[in-house]
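Visitor: Hints given; two lone chains; assemble the complex.
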Amino acid sequence: AQKVTQAQTEISVVEKEDVTLDCVYETRDTTYYLFWYKQPPSGELVFLIRRNSFDEQNEISGRYSWNFQKSTSSFNFTITASQVVDSAVYFCALSEERSGAGSYQLTFGKGTKLSVIP
Amino acid sequence: DTEVTQTPKHLVMGMTNKKSLKCEQHMGHRAMYWYKQKAKKPPELMFVYSYEKLSINESVPSRFSPECPNSSLLNLHLHALQPEDSALYLCASSQVRDANYGYTFGSGTRLTVV
Chain A
1 AQKVTQAQTE ISVVEKEDVT LDCVYETRDT TYYLFWYKQP PSGELVFLIR
51 RNSFDEQNEI SGRYSWNFQK STSSFNFTIT ASQVVDSAVY FCALSEERSG
101 AGSYQLTFGK GTKLSVIP
Chain B
1001 DTEVTQTPKH LVMGMTNKKS LKCEQHMGHR AMYWYKQKAK KPPELMFVYS
1051 YEKLSINESV PSRFSPECPN SSLLNLHLHA LQPEDSALYL CASSQVRDAN
1101 YGYTFGSGTR LTVV
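Chains as they are written, first to last, in my numbering: chain A, 1 to 118; chain B, 1001 to 1114.
This is chain B alone, in the form it adopts within the complex (with noise of 0.2 Å):
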């Protein structure tokens, strides 16, 4: 299995809705990142996950929180969004140590902020 799954492809939220995206890798990769693209922009990272533990916050607002429950899954929990987060939430993983066996990106959840 060589993929990143992301779940699920669009989620349309009120601004005061909770929601999840989720993104599952079988790869044994131990490096889990997610990523925020706006229209017409190149993706920016958001978080990283080594071995299961938050090791990059790139200064994200509160309101995204990520949560990595095992080395397979990682979530990222949505509450009190504002239209400007609509974007693509990607996912991607990686070796830890070794991003030539890396590097691989889910498709994506196409996020609306309404």
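Just chain A, with the same shape it has in the complex (with noise of 0.2 Å):
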């Protein structure tokens, strides 16, 4: 079974700070996806990044990025500078497709809290 697991339940961070939450996953699958979403507290899910097993190469888009690690299993985030409105439960998943289905289910971490203090 594939199981997310996101160690930090909640952080603080001064703005301006970097942060990074970490990600680490299980599967068996040898072709999968991740996921990065946001949930501010109006709660919608706001996709962030997608990355499938294949590509490993590190992400940056503006102050976020990604650190994919296939050898440790890990799929970080680091919010550099870090703003108010960062402020949010981040959620990474990992997609498993339902066999024979031809659709796909997302297994969530736990989620982070992130708090940015002004």
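By construction, these hints were calculated from the structure, which means they are not laboratory data. On a predicted model such as this, the values are computed, not experimentally measured, just so you know. All residues carry an ideal CB built from backbone N, CA and C; glycine is no exception. Treat the hints with care, since some could be wrong.
Unchecked claim - If you anchor each label on the Cβ, the simulated ranges turn out as follows:
| no. | chain 1 | residue 1 | chain 2 | residue 2 | range |
| --- | --- | --- | --- | --- | --- |
| 1 | A | Gln-83 | B | Glu-1067 | 23 to 33 Å |
| 2 | A | Val-46 | B | Pro-1008 | 17 to 27 Å |
| 3 | A | Glu-17 | B | Ser-1055 | 41 to 51 Å |
| 4 | B | Asn-1057 | A | Asn-58 | 31 to 41 Å |
To be verified - Partner residues are not named here, just some residues of chain A that face chain B (Cβ under 10 Å, in silico):
| no. | residue |
| --- | --- |
| 5 | Tyr-37 |
| 6 | Val-46 |
| 7 | Tyr-64 |
| 8 | Ser-65 |
| 9 | Phe-68 |
| 10 | Phe-91 |
| 11 | Leu-106 |
| 12 | Thr-107 |
| 13 | Gly-109 |
Guide: Put into structure tokens, the structure is as follows:
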């Protein structure tokens, strides 16, 4: 069975600090997809990034960067120069194709609540 | 159009009421999903429709009844719910057989059962 572990339940940082959110996953699939979502207090899940298992390049998008390491089954997320608007719950998720269904289930980690203090 | 639209955004219902949640997408996605998210928990899968056919039911109680009338619409009919069913209900859609172009969530319906 697939599993996603986000060991950090809550993190608080002062504005402008850098912060890294950890994600470790388990899967027996050779092809899989990893996702990060942001969930602000309003509730919607905001898509941040999707990475497939064959693409180990790190990615940077503005203040956000992601470090995918297949050797350690980790997909960590760093916010540089954090801002108050970054305060939210962040979920790491792993997709699994449901056999015969042609559809995908996302298995989520428990989430990390990030609070950025002004 | 790259959105999944859910209505209503908020719903309060009594335990004897019947109500429906609606979800709509126009991205041509042929897989649609219902997830349930309790407070301070991650979303959990309830149902999956693939090509308008129910393909997965994660042992959800029969008081939740999904329906996919066409490739753009997904409904969740609610009847005789319990207070513990209060949660955020999220709809999502994706390409079938290629999650690389998926997985879009709606903003959710926050349901309170009184």
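Visitor: A separate judgement is required for each hint: does it hold in the structure or not?
Guide: We went through each hint and held it up to the structure:
no., hint, verdict
1, Gln-83/A x Glu-1067/B: 23 to 33 Å, "42 Å, violated"
2, Val-46/A x Pro-1008/B: 17 to 27 Å, "20 Å, holds"
3, Glu-17/A x Ser-1055/B: 41 to 51 Å, "45 Å, holds"
4, Asn-1057/B x Asn-58/A: 31 to 41 Å, "39 Å, holds"
5, Tyr-37, "8 Å, holds"
6, Val-46, "8 Å, holds"
7, Tyr-64, "18 Å, violated"
8, Ser-65, "21 Å, violated"
9, Phe-68, "15 Å, violated"
10, Phe-91, "6 Å, holds"
11, Leu-106, "6 Å, holds"
12, Thr-107, "8 Å, holds"
13, Gly-109, "7 Å, holds"
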